[in-house]
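Student: We have chain A already, so just place chain B on it with the hints.
2 protein chains.
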Amino acid sequence: MDVADLSPAQARERFRTGARIPTAGWCQGWTQANLIAVPKRLRYELLLFAHRNPQACPVLDVGEPGSWSTELFAGDLRTDLPGYRLYRDGRAVADLDEVVSEWRDDLVPFLIGCSFTFERALLAAGVPVRHLESGTNVPMYVTSVPCQSSGSLSGPLVVSMRPVPGELVHTAIRVSGHYPMVHGAPVHVGDPAAIGIGDLARPDYGDPVEVRAGDVPLFWACGVTPQAAVLASGVDFAIGHLPGHMAIMDVRDDDYLVT
Amino acid sequence: MDVADLSPAQARERFRTGARIPTAGWCQGWTQANLIAVPKRLRYELLLFAHRNPQACPVLDVGEPGSWSTELFAGDLRTDLPGYRLYRDGRAVADLDEVVSEWRDDLVPFLIGCSFTFERALLAAGVPVRHLESGTNVPMYVTSVPCQSSGSLSGPLVVSMRPVPGELVHTAIRVSGHYPMVHGAPVHVGDPAAIGIGDLARPDYGDPVEVRAGDVPLFWACGVTPQAAVLASGVDFAIGHLPGHMAIMDVRDDDYLVT
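From first to last, the protein sequence lines are chains A and B. Numbering-wise (this note's numbering), the first sequence opens with residue 3 and increments by one. Numbering-wise (this note's numbering), the second sequence opens with residue 3 and increments by one.
With the rest of the complex left out, here is chain A:
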């Protein structure tokens, strides 16, 4: 069975039993989300950080302290993502397949929108998605653009990049703009240096992707941004997903379509 045709529950079972693989292209039509779980004491600052940086951090769902499922995610947040990243004192200390023993009673999980959600719509509109063609993870970059801070939380905007043929740039902007809750239209088009990206071939997260002749790089705000803030702000404890290895939610892409 093609991974595109799996149900969220089927995909989560594969991840729970060990598959560590980026989720671009999985469960077509189902919404994917970034995970960031922080101690209860930081939940207000994080929610306000998300509110102040809505294009990067659209909050799709929030769990109760210590819970490992939410209204829109019926799986187990500790095991059902294909990969996790553990943070201590502002450093990424481990990449893990599950985080059962790390999931503290005071952790509050936030599920943040992901641009994978509109890739099906891009394809349907005739816009090629290069990392789907190559079967790799989307490339992501830490930019020089600062986020609005919230209390102790600050950090740079992270973006994902998709190379789009020049004549389809307006289509890609229009189509993704119809999904404002999952990053919406690009935050930047063209010159990577203008937002502090030195080399497209060396992403900070994910895999490099081929930029073909005539392609223009399009940059979308990325839900890894809270993890960059955890790093930049020296947060003592947090759990995120491994970038590109998303939570597959029990809600459909079309629920976030605004026309």
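Some hints here could point you the wrong way.
Copies of the same chain are indistinguishable here, so a pair counts whether it falls within one copy or spans any two.
Computed cross-link-like contacts, EDC-like style, restricted to lysine to aspartate or glutamate with a CA-CA straight-line distance of at most 20 Å [unchecked claim]:
no.: 1; residue 1: LYS42; residue 2: GLU66
no.: 2; residue 1: LYS42; residue 2: ASP97
no.: 3; residue 1: LYS42; residue 2: ASP108
Just so you know, the hints here were simulated from the structure itself, not pulled from any lab data. Here the structure is a predicted model, which is why all the values come from computation and not from measurement.
Tutor: This is chain B only, laid out in the frame that chain A set:
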């Protein structure tokens, strides 16, 4: 000088020196906001309540604990609104001209979008605004529609109502829909009983307004909703504005226009 032509600072000075008057039509072109200030311990629940009920509770700005100004409101939140309502233990205990002695060190002020913001656009599109014609406050109603709860906070949706000539209903929907951050398009059109409103002539807040032959009542989500939640949830202490007596902000209506 017509109140429509006052600057925010000029209007705030009038309110600071005692004028208690609804602000519909004041400072045309400048954004107006609802105030709800709660103890720090409730700020996460309130921010999440707002996030879960975005059409009623669009958060325009949040202050630090104990502060009485914010980035987008350069005045003094304790004195520069034309009227305040004080809540204790889930009851409205006083309407006041200023709240200097009530403003505790741990109070966190939230400024919530207000539908007055798009009234200028309605007028410009040829849609009459009846309460501006009569020089009265907009009528507001507590509905039977429950909000999404957040921790200890729950309560009913509050709406404002504007009667609109039948042939202009689609225009009013379209124009207000361009302002999603200040309640956007109506939540209901037509029959008041469908959302639990018994008698349009007896609003829960504000003044009744004439519904002329051929008018259709349009109902917009209202930023008084957090105050209804304070009442319904038995919150021990909170300060709100007197409904219709808004904070006039240092930001322009057009900053919330989405086209």
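Student: So, for every hint listed, does it hold in this structure?
Tutor: Hints, one by one, checked against the model:
1. In the homo-oligomer, the alpha carbons of LYS42 and GLU66 lie at most 20 Å apart both inside one protomer (9 Å) and across protomers (19 Å), since each shortest distance falls under that limit.
2. Taking the shortest alpha-carbon separations for LYS42 and ASP97, neither the intra-copy value of 22 Å nor the inter-copy value of 35 Å comes in at or below 20 Å.
3. Both within a single protomer and between protomers do LYS42 and ASP108 lie at most 20 Å apart by alpha-carbon distance, with minima of 5 Å and 19 Å respectively.
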